[in-house]
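Trainee: Here the protein sequences come in this chain order: P and X. Just so we're aligned: the first sequence equals residues 1 to 674 in this note's numbering. Just so we're aligned: the second sequence equals residues 1 to 674 in this note's numbering.
Simulated from the structure, these hints should not be mistaken for lab results. Treat the hints with caution; some may be incorrect.
It does not matter which identical chain is used: a pair holds within one copy or between any two.
[To be verified] Simulated crosslink set (EDC-like; lysine to aspartate or glutamate; CA at most 16 angstroms straight-line):
#	residue 1	residue 2
1	K72	D391
2	K248	E659
3	K140	E223
4	K207	D154
Owing to the predicted nature of the structure, the values given are computational and were not obtained by experimental measurement.
Protein chains: 2
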Amino acid sequence: PLRRKHDERSLAFADLTREEYLQVQRYLVRQKDLDISTNQITKPSQNFLFLIELSLPKKADALAYLDGKGAKPIREATAVVFYGKRGHIKEYVLGPLPNLTYHRDVTKERYNTELHINARTVTIGEYVMIFTCIEEIFSKLGKLVKESFDVGPDKKLNAFEQMPRGVQSGDRKTWISFFRDMAGMYIHPVGFEVLLNHGSVNASDWKVERLLYNGQYFNTVEELQQKYDAGSVNKIVYKESPDYGSLKPRSTPLQIGPQLFYTEGKRYSISHNHVLYLDWSFAFGLSSLTGMRVFDVRFKGERIIYELSVQEAMSVYGSVTPGMILTKFLDSSIGIGRFAHELVRGVDCPHEATYVDTYRYFDVPAPVRFRNSICVFEHNMGQPLRRHFSDFFHNSYGGMVNSALVFRTITAIGNYDYMWDFIFYQSGSVEAKVHATGYISSSYLVDGSLRHGHQVAENVLGNIHTHFINFKVDLDVVGVNNYFQTKDMQYVNVSLPWMPDRYAMVPQLVEKQLTTEQEAALRYDTKTPRYLHIASNKTNRWGHQRSYRLQVFSFAGDHLPESQPEERAMSWARYKVAVTKHKDLEQTSSSLYSQNNIWSPTVDFSKYIEDNESIEDEDLVAWVTTGFLHIPHSEDIPNTVTVGNGGGVLLRPHNYFDEDPSIHSTDGVYITPG
Amino acid sequence: PLRRKHDERSLAFADLTREEYLQVQRYLVRQKDLDISTNQITKPSQNFLFLIELSLPKKADALAYLDGKGAKPIREATAVVFYGKRGHIKEYVLGPLPNLTYHRDVTKERYNTELHINARTVTIGEYVMIFTCIEEIFSKLGKLVKESFDVGPDKKLNAFEQMPRGVQSGDRKTWISFFRDMAGMYIHPVGFEVLLNHGSVNASDWKVERLLYNGQYFNTVEELQQKYDAGSVNKIVYKESPDYGSLKPRSTPLQIGPQLFYTEGKRYSISHNHVLYLDWSFAFGLSSLTGMRVFDVRFKGERIIYELSVQEAMSVYGSVTPGMILTKFLDSSIGIGRFAHELVRGVDCPHEATYVDTYRYFDVPAPVRFRNSICVFEHNMGQPLRRHFSDFFHNSYGGMVNSALVFRTITAIGNYDYMWDFIFYQSGSVEAKVHATGYISSSYLVDGSLRHGHQVAENVLGNIHTHFINFKVDLDVVGVNNYFQTKDMQYVNVSLPWMPDRYAMVPQLVEKQLTTEQEAALRYDTKTPRYLHIASNKTNRWGHQRSYRLQVFSFAGDHLPESQPEERAMSWARYKVAVTKHKDLEQTSSSLYSQNNIWSPTVDFSKYIEDNESIEDEDLVAWVTTGFLHIPHSEDIPNTVTVGNGGGVLLRPHNYFDEDPSIHSTDGVYITPG
Ligand SMILES: [Ca+2]
Ligand SMILES: [Ca+2]
Ligand SMILES: [Ca+2]
Ligand SMILES: [Ca+2]
Ligand SMILES: [Cu+2]
Ligand SMILES: [Cu+2]
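Assemble the whole structure, with the sequences as input and the hints as a guide.
Mentor: The structure is reproduced here in structure tokens:
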């Protein structure tokens with residue numbers, strides 16, 4: 001039995017449907033002057049419809065609609081077109097769906113700059129050309145690649161690219177490392193890397209600028225080939241490699257582990273993109289770029305969160321070899337949500353979970369359905385949410401098991417798999433969590449490698465790297481007019497009231513209200529107050545400001561010195577928490593173009609706080625960074641485990657309710673002696 | 001089907017049986033010269049057998065026995081006798097069980113000092129006298145307590161004591177605060193507190209030294225009574241209080257939440273105090289004082305941990321009123337394990353868990369059985385332990401659900417309930433976790449109260465306080481000869497090998513070996529390296545030192561300025577992690593006498609590192625402190641929830657195995673496209 005009703009207004013946040021993607025696609029193709037191709041292997045020199053996504057409604061419009069004070073916001077889509085013919089990228093807003101009548105170039109409005117074509121994500125169309133290049137190189141080096149890597153007509157190597165693609169704005173020069181064509185290729189590097197300049201949209205202008213073979217550099221394919229043939233190169237002699245990257249079980253199933261069952265049915269319900277779970281309700285969506293997100297999160301009908309969303313996943317690597325020496329991955333430029341693939345029942349989520357399909361249009365000729373790419377389930381956390389046993393005075397027991405709703409996607413972005421969880425607790429808390437699993441990135445071991453990690457297999461270095469994750473947390477605590485407050489303790493020397501000449505250090509509460517964006521940008525490298533709150537000036541029954549506290553769980557490393565030209569594209573990672581005044585135009589902390597134009601980022605988060613606006617009595621957004629330092633070790637073979645490799649943020653009521661709302665849960669248990 | 005066999009040698013760590021407690025009791029009573037009473041209400045002026053516990057074997061003896069190189073260690077007990085007649089406390093070791101022939105006074109050996117009788121825990125015998133005192137005070141204040149608190153023949157108040165009991169060594173002066181006799185009395189303070197000097201073992205010498213009524217102090221009961229009757233006191237007028245502390249469910253059960261089932265039976269087994277779970281095995285016990293502990297933890301037969309145990313739970317409170325102004329609880333002095341009561345099926349642990357009884361002898365006339373006071377279960381954590389989906393090149397999926405074994409007790413020490421979990425993962429990690437729930441402590445709201453917390457009910461302040469927990473982690477990594485090493489990252493400016501005049505900041509691995517105990521005492525208030533390892537000089541397949549990493553999860557506040565005379569009794573809390581050379585005589589970081597002789601602690605952890613011994617190639621013990629700052633809020637009513645209120649330490653293999661051991665789990669799943 002459900003306590004609340006589904007609300008179709010959640011559709012304001014729903015991802016585009018298959019039909020809507022097609023409407024946008026058809027509309028754009030009809031604009032003959034734009035000259036857009038939808039062919040998946042469109043060459044970079046042509047104009048390509050790269051991406052179609054929901055355009056989120058303006059917050060004010062959405063709120064008016066949700067709260068019954070305004071019309072349904074016009075449904076719009078964003079389209080990204082790579083204009084290879086014209087050398088730039090354009091973003092359009094198109095509407096109104098379903099019968100489109102307009103498209104508006106919003107590039108300037110959103111980014112305040114033109115977008116150079118080289119800021120684009122590498123498309124399938126460009127990869128086809130890159131692979132052709134690689135084949136040419138390999139065919140020129142036939143003898144070398146055969147002797148070194150056993151490459152031949154029926155055996156090839158796999159490629160893995162370094163990003164960013166160069167060292168300065170305009171560069172599109174990618175170091176490509178080669179790996180054995182085996183399961184978990186990412187941990188089978190062969191010691192061969194190639195620097196390809198693919199800065200032109202025409203492959204005829206492309207050039208191999210450098211090669212690395214067994215630790216030695218060569219300027220051209222020919223130089224390597226000649227020196228190899230001349231015997232002046234330290235040769236790698238092919239040797240078969242054990243299949244240590246395989247995930248095939250090495251033991252036969254004996255007895256299955258504990259399983260979860262809903263013995264009395266599900267206590268949640270999903271209708272379209274709207275979820276009901278006990279006192280909770282929320283809308284959800286999945287951005288191809290940034291990944292999963294929820295909107296209009298309410299508890300007992302009262303909105304607590306307007307938006308909770310994944311923003312970016314960033315990793316910086318260390319190495320002596322070019323394949324990882326400069327690597328700084330910014331996953332939303334490749335598409336985080338794009339890689340939310342089918343979840344496996346009983347492993348990725350419990351058997352009894354509900355699985356939801358999503359549709360995306362990202363570097364494809366037509367919308368694609370991703371079956372079972374979101375899962376929703378209630379989980380028994382295996383522990384009490386609260387309990388007390390009283391053996392003094394009142395002999396009794398009261399308690400309640402911690403059952404919570406989990407909303408999950410897992411995105412397999414190349415080597416890594418990130419598991420994203422939003423968890424809804426009966427105590428009114430919401431948690432955003434991320435865990436990393438999948439394969440580490442690795443390099444072929446050469447002199448000096450061990451300064452950057454540990455050896456994890458024969459000739460294989462697991463490279464040291466960071467994981468930084470950014471979440472957008474747009475809490476609306478009793479409306480949008482909020483304050484950012486901190487609380488902590490300090491010892492104060494006080495005289496004891498009953499013996500005034502005796503002093504003791506006694507903990508006191510220290511409260512502070514931060515007034516501007518710069519004050520509210522809490523750097524990772526500084527001591528921050530232990531309690532961080534988004535508060536209303538509305539008070540609870542006891543006169544305290546109602547608030548939600550942000551508790552950040554993180555084991556982050558150092559993001560990148562600000563001296564580095566790539567740093568501004570990840571300036572969100574400077575801060576554990578940064579609070580800004582909400583703006584529709586500050587929708588994300590990163591962008592699709594961060595990776596490939598990392599030196600002149602279209603979105604530089606630090607700019608959001610540069611104007612140092614007041615954050616008192618404003619609609620506030622908290623940008624939360626979590627992560628962990630990863631020093632790979634032998635147990636990362638074959639896969640990194642989730643245990644201990646994660647982070648997150650817990651949003652917890654603090655003087656928001658008048659008492660713990662879980663006291664009203666029907667899961668409560670109470671026992672008195674016979 | 002079990003993979004390993006139970007090992008009866010685990011009994012070397014087993015708690016005393018009922019019969020063994022009785023053997024010790026009988027033996028001591030037979031020693032007429034000791035003149036010991038076992039009557040539960042023995043007066044403090046008499047000699048009382050307070051505690052009987054297992055005496056742990058010396059580590060060298062236990063290891064020799066476990067490894068088949070030595071005889072079974074002689075089984076011994078420790079007994080604590082409060083010699084009221086003689087003014088001191090004695091600890092004895094008695095053996096050999098079951099046929100005792102000797103008792104040895106080990107007080108001096110263990111503590112290097114005499115133990116004054118006032119260092120003792122308050123016994124039931126003393127409480128009976130305290131309650132008599134309180135009754136006398138109440139009867140003298142008949143009119144006041146009737147009018148203020150509705151106290152009468154059939155209605156009383158409940159008492160809650162402040163600790164430490166005074167401000168200097170020798171003091172035994174306790175502020176007793178009064179609370180309504182309602183469910184969750186801890187959150188129903190009435191505004192009446194009494195300072196009782198019970199320093200003498202004879203109640204006839206006891207004295208009320210001060211009283212606090214509605215924020216005003218009085219020197220004697222008579223003074224209060226007279227001033228009250230004269231109308232010169234600001235009166236509290238009794239008013240009924242809503243039952244907000246009740247844990248009775250306020251809603252009717254509708255539909256139960258998800259439940260866990262072992263559809264193919266249990267995958268673990270318990271025999272005596274020995275647990276087998278897949279590749280894991282361990283022995284367990286429950287100390288009445290320190291709580292739960294495991295020994296000889298092995299993975300695939302290889303010992304990883306010699307001892308993992310709870311050591312201490314400490315809280316420091318802030319207040320303007322005496323009832324909490326000096327409060328510093330050191331729970332092991334009251335007995336942590338002592339309060340491990342029956343666990344409730346389906347709330348405290350899943351229905352299908354295995355429940356184990358324990359026997360204790362602590363301030364009792366005879367051993368007591370605590371039914372179902374430990375639970376053991378395998379839990380489906382609701383997420384993959386590892387997984388990878390590959391859509392490039394090799395289309396396949398490999399993964400494994402995270403099923404792990406949980407070993408749990410919950411100790412309800414007065415107002416608070418601590419949930420203690422040791423979790424054994426299939427990836428070779430062990431986690432020690434603690435969560436707090438139960439009632440907060442509170443005070444009656446007076447002027448200035450809000451400097452020390454938030455109001456949480458009418459006239460009720462939830463007092464700010466810390467939770468600090470200490471774990472003992474005696475890892476033995478490939479034997480006892482270990483090293484303490486740290487790893488972290490740093491950015492180093494390096495020239496790019498293929499364009500040497502271009503520089504970039506690149507992450508490097510920074511490794512360090514700490515050489516002495518003082519170097520290895522990592523203070524909470526300093527930046528500590530991100531990776532902490534107990535390492536062997538034995539290497540894994542790739543030449544790296546085999547190690548276990550300690551990853552500490554903590555939100556601790558500030559423990560107590562070292563200027564305070566009470567600080568040395570909790571000096572373990574200075575350090576996030578401190579590594580010492582193992583000594584049998586440094587068995588615990590705290591002691592039974594810390595609370596009541598806090599100013600001259602018998603165990604001062606900082607002394608363990610004062611001699612600054614070498615920790616290279618030694619048997620090392622890591623003492624790990626975790627905790628959280630608690631600023632109470634309305635949602636702490638009626639109970640604090642476990643979500644977000646905890647801490648712990650994860651012990652994870654790091655270059656210990658040659659690959660992730662979970663790859664050999666039978667839970668692995670692998671899917672390739674049909
Ligand atoms: Ca701003
Ligand atoms: Ca907001
Ligand atoms: Ca020492
Ligand atoms: Ca050790
Ligand atoms: Cu990693
Ligand atoms: Cu607390």
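Trainee: Next, verify each hint and record whether it holds.
Mentor: Status of each hint after checking the structure:
1. K72 to D391: Neither: 57 angstroms inside a chain and 39 angstroms across chains, both beyond 16 angstroms.
2. K248 to E659: between (50 angstroms within a copy, 14 angstroms between copies)
3. K140 to E223: Within. Shortest intra-copy distance 11 angstroms satisfies the 16 angstroms Cα cut-off; inter-copy 104 angstroms does not.
4. K207 to D154: neither (26 angstroms within a copy, 95 angstroms between copies)
Checked against the numbered hints listed earlier, the structure breaks hints 1 and 4; every other hint is satisfied.
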